[in-house]
Amino acid sequence: MDVLGEGLLEAVRLLLTGAEDTWAITGLTLRVSLAATLIAFLLGVPAGAALALGRFRGRRVLLAVANTGMGMPPVVVGLFVTVLLWRGGPLGALGLLYTPTAMVVAQAAIATPVVVALTATALQQVDPDFLPQMRGLGATRARALGALLREARLPLLAAGMAGFGAVVSEVGAAQMVGGNLAGETRVLTTAAVLATSRGQFALAIAFGLVLLAIAFTVNLVVTLAQQRHAVRR
Amino acid sequence: MNIGCRDLTVTVGGRVLVRVPELDVAAGETLAVLGPNGSGKSTLLRAIAHLGSARRTGTVLLDGRPAGTTDLRRAVAAVLQRPVLQRASVFDNAAAGLRLRGVSRAEARRRAWPWLAALGVEHLAGRDARGLSGGEAQRVAIARALAVAPGVLLLDEPFTGLDATTRADLLADLRAALDGQPAAVLLVTHDREEARALARRTALLVGGELRQLGTTDEVLDAPADLECASLLGFTTQLPPAVTGREATLIARPQHCRPLAAGEPAPAEAVVVDGVLRRVVPLGGAIRLDVEVPGASVTSVTTVEVDAAPGDVVRIAINAGDLRSANGERLR
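So the sequences go chain by chain: A and B.
FYI, in the UniProt record's numbering the residues of the first sequence are 1 to 233.
FYI, in the UniProt record's numbering the residues of the second sequence are 1 to 331.
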């Protein structure tokens, strides 16, 4: 109980005093996870839409692959990205290993299947006559698709939130491709792991609380945005 | 604007669902495509509008000229069978057709408002469209289509699933809304009364093929053959062997009257004897299924019938209510 209590107090102190490390780590966590989520969204929504609406051979297999990818262990993704970016690896010349960019790549790889699978589900749940009806009102293909995405905006935002939740909380890939270098690639999860391994439980709990606060704040903002257009029934 | 099609064929999985050599709807005219479930009515409507992914061949004409998908998008507004509304207010839904055509929100709302009023749903403008009843939603869907001032309006069974009162009200409001409109209106329906109420001409579609085309009264009252007759409600069909006439005679059940015991046959009437097989109360009327060898006889009457299944009954049909199977009235 002492450890928990001290952890909470330490967290409050860290946040109130704005210890430079904490803010730097928090800032990097946000930058990496939001960038990875944005990339996953930009890649995942069109891919999910193609899987939901397209008629091509192998569509169902790809859907199954995306669904499987939702449960991909971050450590496995981290391993593949590490091998790719390793000095002697295919992309080793880029010199990205142990940089925030490598962490963004790995986390985007984790979040993209989540966004793809949830986007496909979101669009398939819209009335199948939605697109024909929009086209039947005179919409171009692009406008009809835009209307469909607007119609599914709530589950699409949920897909984004799920993607963000998957990456902000993962530790395996961030540790492997980032290396947890102080001041360079240390994020809240890897910092919490390190603090725990050193027996600095209060510090670890503090990082954990900050992580929770971030997750809550981001989800709160998105949820409020989701509900902004709610109209009276 | 006129719309039409030539040699329009729709194929799904190698099976021809619709084959229509020629169909035209003039500007300001309402044409009903009438047919039973599964006859290809909705498929035809979607093919004419180039909607959906079914394989189609043939030509759609706008004002006599072959039209591509882009031309049809500009000209056509469609109301599908189920009202598909967006997750938005009723007002924004009514304006959605215009918005999808690139009109600004304010302008779209300004132009949509009179149609919400015409369809009697302006008081719902601020409501979430997802909370509407079926009838209200269909009214909004129709207002949305009319708001774009389409050259061609396609209505796919817009009254399906509505209760009788709502349907009658909407029918009247739609009739009023269409009056004076320059649009060519194609109404797909399985309901004869809807066709009679809204369309001057009717095409009868059976098994994906046009079987009859003419004024609505002609098509509904003078079926071209026995199959059309059955679909148009002529459930009593009397072959020559039963009546001694040259052609098979047909009649609607409400024109087949059971005669009371000892009641003389009316002059100018055809009378057949048969065995009563089934009596079905219809709420205010009763339906009698009568077995006559080689014929089918159904009567719907409000007269009290003093007969039970198994009894022999006499059914009289006035000559004026009989048609020959090729649609001609008896002389």
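For the record, the hints were derived by calculation from the structure and aren't laboratory data.
Backbone N, C-alpha and C define an ideal beta-carbon position, used for all residues, glycine too.
A couple of the hints might just be wrong.
Residues of chain B clear of chain A, computed beta-carbon distances all greater than 10 Å [said to hold, decoys possible]:
1. Glu-22
2. Thr-43
3. Leu-61
4. Ala-78
5. Gly-97
6. Arg-101
7. Leu-259
8. Ala-269
9. Glu-291
Facing chain A, a subset of chain B residues (Cβ under 7 Å, in silico) [claimed, not checked]:
10. Ala-49
11. Leu-51
12. Gly-52
13. Ala-54
14. Arg-55
15. Arg-73
16. Leu-80
17. Val-84
18. Gln-86
19. Leu-100
Partial chain B-side listing against chain A, Cβ under 8 Å, derived [to be verified]:
20. Ser-53
21. Arg-74
22. Ala-77
23. Arg-82
24. Arg-87
25. Ala-96
26. Ala-145
27. Val-148
28. Arg-192
29. Arg-277
So, going through the hints one by one against the coordinates:
no.: 1; hint: Glu-22; in the structure: holds, 23 Å
no.: 2; hint: Thr-43; in the structure: holds, 12 Å
no.: 3; hint: Leu-61; in the structure: holds, 18 Å
no.: 4; hint: Ala-78; in the structure: violated, 3 Å
no.: 5; hint: Gly-97; in the structure: violated, 4 Å
no.: 6; hint: Arg-101; in the structure: violated, 5 Å
no.: 7; hint: Leu-259; in the structure: holds, 51 Å
no.: 8; hint: Ala-269; in the structure: holds, 50 Å
no.: 9; hint: Glu-291; in the structure: holds, 44 Å
no.: 10; hint: Ala-49; in the structure: holds, 6 Å
no.: 11; hint: Leu-51; in the structure: holds, 5 Å
no.: 12; hint: Gly-52; in the structure: holds, 6 Å
no.: 13; hint: Ala-54; in the structure: violated, 11 Å
no.: 14; hint: Arg-55; in the structure: violated, 12 Å
no.: 15; hint: Arg-73; in the structure: holds, 5 Å
no.: 16; hint: Leu-80; in the structure: holds, 5 Å
no.: 17; hint: Val-84; in the structure: holds, 4 Å
no.: 18; hint: Gln-86; in the structure: holds, 6 Å
no.: 19; hint: Leu-100; in the structure: holds, 4 Å
no.: 20; hint: Ser-53; in the structure: holds, 7 Å
no.: 21; hint: Arg-74; in the structure: holds, 6 Å
no.: 22; hint: Ala-77; in the structure: holds, 6 Å
no.: 23; hint: Arg-82; in the structure: holds, 6 Å
no.: 24; hint: Arg-87; in the structure: holds, 6 Å
no.: 25; hint: Ala-96; in the structure: holds, 7 Å
no.: 26; hint: Ala-145; in the structure: holds, 7 Å
no.: 27; hint: Val-148; in the structure: holds, 6 Å
no.: 28; hint: Arg-192; in the structure: violated, 26 Å
no.: 29; hint: Arg-277; in the structure: violated, 42 Å
Hints 4, 5, 6, 13, 14, 28, 29 from the earlier list are contradicted by this structure; the remaining hints agree with it.
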